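Student: One rule links them: number in this note's numbering = place in the sequence shown (from 1) + 2.
Hints listed in this document are in silico derivations from the structure and should not be mistaken for laboratory results. In this text, all values refer to a predicted model and were calculated from it rather than measured experimentally. Virtual Cβ for every residue (Gly too), placed ideally from N, Cα, C. Just so you know, nobody snuck in bad clues.
No farther apart than 25 Å at their CA atoms in a straight line, the calculated lysine-lysine pairs in the PhoX-like style are these: (1) K176 with K35; (2) K465 with K600; (3) K600 with K448; (4) K223 with K340; (5) K308 with K385; (6) K308 with K542; (7) K47 with K101; (8) K340 with K385.
Cβ-Cβ distance ranges computed for the label pairs, FRET-style: (9) D344 with K573: 51 to 61 Å; (10) T411 with N222: 19 to 29 Å; (11) E236 with D467: 40 to 50 Å; (12) R330 with G127: 48 to 58 Å; (13) H276 with T41: 19 to 29 Å; (14) D640 with A91: 56 to 66 Å; (15) P489 with Y250: 45 to 55 Å; (16) F135 with T197: 19 to 29 Å; (17) W398 with Y250: 50 to 60 Å; (18) R330 with A91: 20 to 30 Å; (19) D338 with G534: 53 to 63 Å; (20) D279 with G534: 43 to 53 Å; (21) T402 with N350: 13 to 23 Å.
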Amino acid sequence: MKTRNYAWFTAVLLIAGLLGWTAPGMASIVNTKHNLSATGPGTHKATSETQLCVFCHTPHNTNPAAPLWNHALSAATYTPYGSNTLAAAAPGQPSGTSKLCLSCHDGTVALGGVQNLPFGHQTAGTVSGLEAFLTGATSLGTDLRNDHPVSFTYDAALAAANPELVAPASLTGKIKPDSTGQLQCASCHDPHSETNPKFLHVGYQDGAGYGSPLCRTCHNKMYWDTVPNNPHRESTIQWNGAGVNPWYIPGQNLPNDPNSTLKANGCENCHQPHNSDSTKQLLKSGGESQICLVCHNGNVVVDPAKNIDAALNRLYAHPIKAPGNAGRHNPRRMPDGKIREDQVDLNNRHAECEDCHNAHAVSAGTSPNPPLSTSNLTPPVNKGVWGVEPVWPGNWANVTTYSTVQDTTFQHQICLKCHSYYAFGLTPPPDPYGIIAGGINTDQAKEFNPNNASFHPVVAPGKNDFKMTVDGVTYDYSASLINGFTPTSVMTCTECHSDSLSGAGAGPKGPHGSDVWPILWAPYDGSTGINGTEDHLCFKCHKASVYGGPGGSAGTWQSTGFSGTAGGGQKRNLHYRHIELRQMPCQACHSAVPHGWKRRAMLIYGTGTPDPAPYNSHSKYLINGSSVYGIPSARDVDAVASGTWTRPMCHGTGSGVGSC
3 MKTRNYAWFT
13 AVLLIAGLLG
23 WTAPGMASIV
33 NTKHNLSATG
43 PGTHKATSET
53 QLCVFCHTPH
63 NTNPAAPLWN
73 HALSAATYTP
83 YGSNTLAAAA
93 PGQPSGTSKL
103 CLSCHDGTVA
113 LGGVQNLPFG
123 HQTAGTVSGL
133 EAFLTGATSL
143 GTDLRNDHPV
153 SFTYDAALAA
163 ANPELVAPAS
173 LTGKIKPDST
183 GQLQCASCHD
193 PHSETNPKFL
203 HVGYQDGAGY
213 GSPLCRTCHN
223 KMYWDTVPNN
233 PHRESTIQWN
243 GAGVNPWYIP
253 GQNLPNDPNS
263 TLKANGCENC
273 HQPHNSDSTK
283 QLLKSGGESQ
293 ICLVCHNGNV
303 VVDPAKNIDA
313 ALNRLYAHPI
323 KAPGNAGRHN
333 PRRMPDGKIR
343 EDQVDLNNRH
353 AECEDCHNAH
363 AVSAGTSPNP
373 PLSTSNLTPP
383 VNKGVWGVEP
393 VWPGNWANVT
403 TYSTVQDTTF
413 QHQICLKCHS
423 YYAFGLTPPP
433 DPYGIIAGGI
443 NTDQAKEFNP
453 NNASFHPVVA
463 PGKNDFKMTV
473 DGVTYDYSAS
483 LINGFTPTSV
493 MTCTECHSDS
503 LSGAGAGPKG
513 PHGSDVWPIL
523 WAPYDGSTGI
533 NGTEDHLCFK
543 CHKASVYGGP
553 GGSAGTWQST
563 GFSGTAGGGQ
573 KRNLHYRHIE
583 LRQMPCQACH
593 SAVPHGWKRR
603 AMLIYGTGTP
613 DPAPYNSHSK
623 YLINGSSVYG
633 IPSARDVDAV
643 ASGTWTRPMC
653 HGTGSGVGSC
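Kindly generate the complete structure, drawing on both the sequences and the hints.
Tutor: This is how it looks when you write it as structure tokens:
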């Protein structure tokens, strides 16, 4: 017996020498779950066998695998990981140390199944007490699509194809590819030492308390370490005890652990390297948006400004919570190595958080609305999101050419990748709420084209200088703009399209959801402009009393460009006059889709040959019960200078500009 034990000890030292282990390092297996002997601390242990190494290694008659492998290998065929964002060649069947680890961890071979039973029997069998197969979280099964890929070549070519991977030449520590250049289970795990949990080469946090140092050894995610005030990386917010702790990681922290924070967990706030709930990017929940709403639901993150779930439950919302949209976001690794969707089209039309937000790049900061931000730059919360920039044609032409922008500069570049020809060509999708006259959405690139005769200043400053020259005298009526806007201001889409919960301390600021169609923070409809609508959308930027209502005056005729000679030759503010005397709304004369239009000041022809819906809203909103209203199509409104309007221009039957 002494000779036999000495022989085994010699064999163990041989194995240790082959693998570069030291006796102290080898001894650490004693107190780990990998000690399957009768003295082991885990659930699975032999009935009487006290040797430690025999379950994996044997000095003679080994399986054809290094190092001197003894455990029975699985005969399973595996379904490997695959992803559109994977730059490596598609992983094949596991090899190297990964195949050895899976001989237990795929759950198809008895834990005690060995090539040679202990003490020189030289026969295959199962060590008594270890007849069971591995089950539970540590059993990966044979479907590896929800596990980090293994057995793929990690070389300089791969790092060049994926700029978010560290070059393998710089991986000089324990975390690195194997001797054949492949990433294997042993690249992350040390099966002989549980100095760190889960046999990992490094712990859960680095020296500064940031989570996932192992992941970040290889994955140099764009923006993650460089964007300032990145709450997904920096936040130390703690679970408030409501519902289920979203930052609980089984085997890593306790369900009620107050130290389980975004900063402490790092990548594993959203990703799960083994047995994830999703085969896409190893996400912890099924679709990308479900991941976001685990925290942004008003329970875990109690800040109302971050309660996105409440906004998405409003009457009109981006359909992020629609069941058919879950998981439809389809990121791809593009030829330049960057990640984006190569096209958003009607065949995969969807809305998910990741279409507008990059979770690795999101930065805390003030987003537009309210208070107003007279800028059209991409807000911090949309940092790192790809978009499109149109090549602008002439006035009111279809915008058919676009360039892709990997990291958008302007917010409209994000919106137009879905709300324009880029996504749907000449076949816009239907309005899902049945509000739009004619039934379909409109092409917003065509509408915001800065070469149009008029447009709201989303892409560029508007063409209205808010001045008019009458009889040689120039009048400046820019005071009709409020809240910091000037004639040269620009704005974002979210100045108008924003959650109805918005406001100081009230809710998020963005086009998530509203009780006002179409995701407007205040009403804009066939009544906007008449008395009592001073809280409507237009008057966030345009001073309500200038156009009508309390405090206004028809006598301040130079207050707006729509000024001139009314009945009796008197100079009048004609906006105020039409609202006060006729209760005519904005849409009586202006486009019902106020993005942009082919004529100055977004003026719509309502009589003669009327403009079509939905820009001409008369088919939807009958003004004062009339079937005829507005400017006659015989008029050349583009030639009418501000401040020179006369009554016959709208109420006569002639043509051109002059009186009837």
